[in-house]
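**Student:** Each chain, written out:
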Amino acid sequence: MYKILKAENLCKSYFTKKALQGVNLEVEQGKIVGLLGPNGSGKTTFLKIVAGILHPSSGQILIDGQKPGVYTKAMVSYLPDTEYFFKWMKIKDAVAYFKDFYADFDEKKASELLEFMKLDVNSSIKSLSKGMKEKLKLTLVLSRKAKLYVLDEPLGGVDPTAREKILDAIINNFSENSSMIITTHLVNDIERIFDDVAFINDGEIVLQGNAEELRLSKKKSIDELYREVFQ
Amino acid sequence: MLNLIKYELRGKFLTILGICLTVIIGNLFLMTQIGSGGMGVTILSTLLGVGGLVVICISSLTMMSDYLYDDQGYLLFTLPQSGVSIISSRLIAAVMQISIVAIVSLLMFCIIDQGRILNAILQVSEVSEILLSILMYLWTIVSGLTFIYFCMVVGKISFKGKNIGKIGSFIIFFVFSGVRNWLSVINSNFFPKILQFDSLTALSTSFTINIGNTIFDVITFAILFMATSYLLEHKVDL
Chain A
28 MYKILKAENL
38 CKSYFTKKAL
48 QGVNLEVEQG
58 KIVGLLGPNG
68 SGKTTFLKIV
78 AGILHPSSGQ
88 ILIDGQKPGV
98 YTKAMVSYLP
108 DTEYFFKWMK
118 IKDAVAYFKD
128 FYADFDEKKA
138 SELLEFMKLD
148 VNSSIKSLSK
158 GMKEKLKLTL
168 VLSRKAKLYV
178 LDEPLGGVDP
188 TAREKILDAI
198 INNFSENSSM
208 IITTHLVNDI
218 ERIFDDVAFI
228 NDGEIVLQGN
238 AEELRLSKKK
248 SIDELYREVF
258 Q
Chain B
74 MLNLIKYELR
84 GKFLTILGIC
94 LTVIIGNLFL
104 MTQIGSGGMG
114 VTILSTLLGV
124 GGLVVICISS
134 LTMMSDYLYD
144 DQGYLLFTLP
154 QSGVSIISSR
164 LIAAVMQISI
174 VAIVSLLMFC
184 IIDQGRILNA
194 ILQVSEVSEI
204 LLSILMYLWT
214 IVSGLTFIYF
224 CMVVGKISFK
234 GKNIGKIGSF
244 IIFFVFSGVR
254 NWLSVINSNF
264 FPKILQFDSL
274 TALSTSFTIN
284 IGNTIFDVIT
294 FAILFMATSY
304 LLEHKVDL
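Sequence lines, in order, name chains A and B.
Going by my numbering, the residue at position 61 of the first sequence is 88; the numbering climbs one at a time, nothing skipped.
Going by my numbering, the residue at position 69 of the second sequence is 142; the numbering climbs one at a time, nothing skipped.
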């Protein structure tokens, strides 16, 4: 099967601190990969490199055969864990922004998702709650017909009801022609959607494989396995 | 790139509007003082315009700083846009923003001054000199901002942390300014040939251009522009 992402011996250092230490990871087309680890394990660093806003110190990463850059940014849909909208924006401005810059943005899908998330296009973004902002970000990211979706903590800071809604949106809008990497430490809520998982600790992948095979071989859920690995 | 310019201008719309309104209201107030103020009114009008230009220039620089150090950078740098597009759009948007404030300030000044100084300048200047002045105005903004953006980007890459990065950028700016001026002096000693424009001497402002330094400035600008574009695309970490 075609591998949309290949990372080989990927390292990232910030002066003296090593955030990634030789990460090897492959993502196949049509798969949802869970990148799981505690805070500070290197999950966000890895995703930022995939998104092209962080540059590796050594090693190689190829997305659709290309190093992260203008080409890969056009096909990677990235959900950061920050509130990145301009202060002056209303929801409709954010939708227009994505439509203007991403050729793969589907406005109709965005309207459907906004309705599903119960978001009003005329609302000012700065007036939204954290959970609503998270829903808006996800709406914009999932409204692109991207080859690779990269979601950094999509469930972070949202209540359990909103989590279900976000998970439903992810599942309903995922296409088999695309792939997805999701980082989280709320494993129990999300493990049902993973095809593959990779456990990362101190910048190294300590365990990876097919989620179902790991469950069967270890006789544990991914959540239990997570607790065992990181306790 | 047009979309980038559009959003740059949209983001600064309220700032531009606020500055223009301040300049207009300030000048309207000065008009009520024309009888009692004498030359002081035109000087205050000039100061108001200069103040507006300083504020819009600083505002343009803080926007770049926000992209480099704040979360808004995630919105810009995840776009499928090259470093050249990003820098070009920043410069074009800055020129437009500064020009809007400059035009409003100039218009208000002309109203207060009843067009006397502008008429005097136009009467002793040829069209080519006016065009050259406009070119110099654009060049000053574009080359100045490119130099500052370069220092900001180098500071971001070289120093860890928001505050240290910003202070580092200031230090880099002063060091590079010194180096550039030193090279400029050496260059003008090696290539002393100058071009002189005589007709403006009617206003006691002789206007000369050192050819060697002009070539040096153009080459420096090209290098800094390409270097900033490259660093933004390949080296800046958010």
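In case anyone wonders, no lab produced these hints; they're calculated from the structure.
Values in this document were obtained by computation on a predicted structure and should not be read as measured data.
Among the clues, some could well be false.
[Claimed, not checked] Facing chain B, from chain A, some residues (calculated, C-beta under 10 Å):
1) Tyr-29
2) Cys-38
3) Lys-39
4) Phe-42
5) Lys-45
6) His-82
7) Gly-86
8) Leu-89
9) Gly-92
10) Gly-96
11) Thr-109
12) Tyr-111
13) Asp-127
14) Phe-257
[Unchecked claim] DSBU-like, lysine-lysine: derived pairs with alpha carbons at most 30 Å apart:
15) A:Lys-160 <-> B:Lys-233
16) A:Lys-145 <-> B:Lys-79
17) A:Lys-117 <-> B:Lys-266
18) B:Lys-79 <-> A:Lys-160
19) A:Lys-153 <-> B:Lys-266
20) A:Lys-117 <-> A:Lys-58
21) A:Lys-94 <-> A:Lys-117
22) B:Lys-233 <-> A:Lys-33
23) A:Lys-157 <-> B:Lys-233
24) A:Lys-145 <-> A:Lys-157
25) A:Lys-33 <-> A:Lys-145
26) A:Lys-94 <-> A:Lys-58
27) B:Lys-235 <-> A:Lys-44
28) B:Lys-233 <-> B:Lys-308
29) A:Lys-58 <-> A:Lys-126
30) A:Lys-45 <-> A:Lys-58
31) B:Lys-79 <-> A:Lys-126
32) A:Lys-58 <-> A:Lys-192
33) A:Lys-174 <-> B:Lys-235
34) B:Lys-239 <-> A:Lys-30
35) B:Lys-235 <-> A:Lys-153
36) A:Lys-174 <-> B:Lys-233
37) A:Lys-157 <-> B:Lys-266
38) A:Lys-30 <-> A:Lys-58
39) A:Lys-94 <-> B:Lys-266
Think of the CB as a built atom: it goes at the ideal place given N, C-alpha and C, for glycine as much as any other residue.
**Student:** Hints first: check each against the structure and report whether it holds.
**Tutor:** These are the hints, each one checked on the structure:
no. : hint                    : in the structure
1   : Tyr-29                  : violated (21 Å)
2   : Cys-38                  : violated (14 Å)
3   : Lys-39                  : holds (9 Å)
4   : Phe-42                  : holds (6 Å)
5   : Lys-45                  : violated (14 Å)
6   : His-82                  : holds (6 Å)
7   : Gly-86                  : violated (15 Å)
8   : Leu-89                  : violated (16 Å)
9   : Gly-92                  : violated (16 Å)
10  : Gly-96                  : holds (7 Å)
11  : Thr-109                 : holds (4 Å)
12  : Tyr-111                 : holds (4 Å)
13  : Asp-127                 : holds (4 Å)
14  : Phe-257                 : violated (27 Å)
15  : A:Lys-160 <-> B:Lys-233 : holds (29 Å)
16  : A:Lys-145 <-> B:Lys-79  : holds (29 Å)
17  : A:Lys-117 <-> B:Lys-266 : violated (56 Å)
18  : B:Lys-79 <-> A:Lys-160  : holds (24 Å)
19  : A:Lys-153 <-> B:Lys-266 : violated (58 Å)
20  : A:Lys-117 <-> A:Lys-58  : violated (34 Å)
21  : A:Lys-94 <-> A:Lys-117  : violated (34 Å)
22  : B:Lys-233 <-> A:Lys-33  : holds (29 Å)
23  : A:Lys-157 <-> B:Lys-233 : holds (28 Å)
24  : A:Lys-145 <-> A:Lys-157 : holds (14 Å)
25  : A:Lys-33 <-> A:Lys-145  : violated (37 Å)
26  : A:Lys-94 <-> A:Lys-58   : holds (21 Å)
27  : B:Lys-235 <-> A:Lys-44  : holds (17 Å)
28  : B:Lys-233 <-> B:Lys-308 : holds (13 Å)
29  : A:Lys-58 <-> A:Lys-126  : holds (26 Å)
30  : A:Lys-45 <-> A:Lys-58   : holds (29 Å)
31  : B:Lys-79 <-> A:Lys-126  : holds (13 Å)
32  : A:Lys-58 <-> A:Lys-192  : holds (21 Å)
33  : A:Lys-174 <-> B:Lys-235 : violated (34 Å)
34  : B:Lys-239 <-> A:Lys-30  : violated (41 Å)
35  : B:Lys-235 <-> A:Lys-153 : holds (23 Å)
36  : A:Lys-174 <-> B:Lys-233 : violated (33 Å)
37  : A:Lys-157 <-> B:Lys-266 : violated (63 Å)
38  : A:Lys-30 <-> A:Lys-58   : holds (10 Å)
39  : A:Lys-94 <-> B:Lys-266  : violated (48 Å)
Consistency with the previously given hints fails for numbers 1, 2, 5, 7, 8, 9, 14, 17, 19, 20, 21, 25, 33, 34, 36, 37, 39, ordered from lowest to highest.
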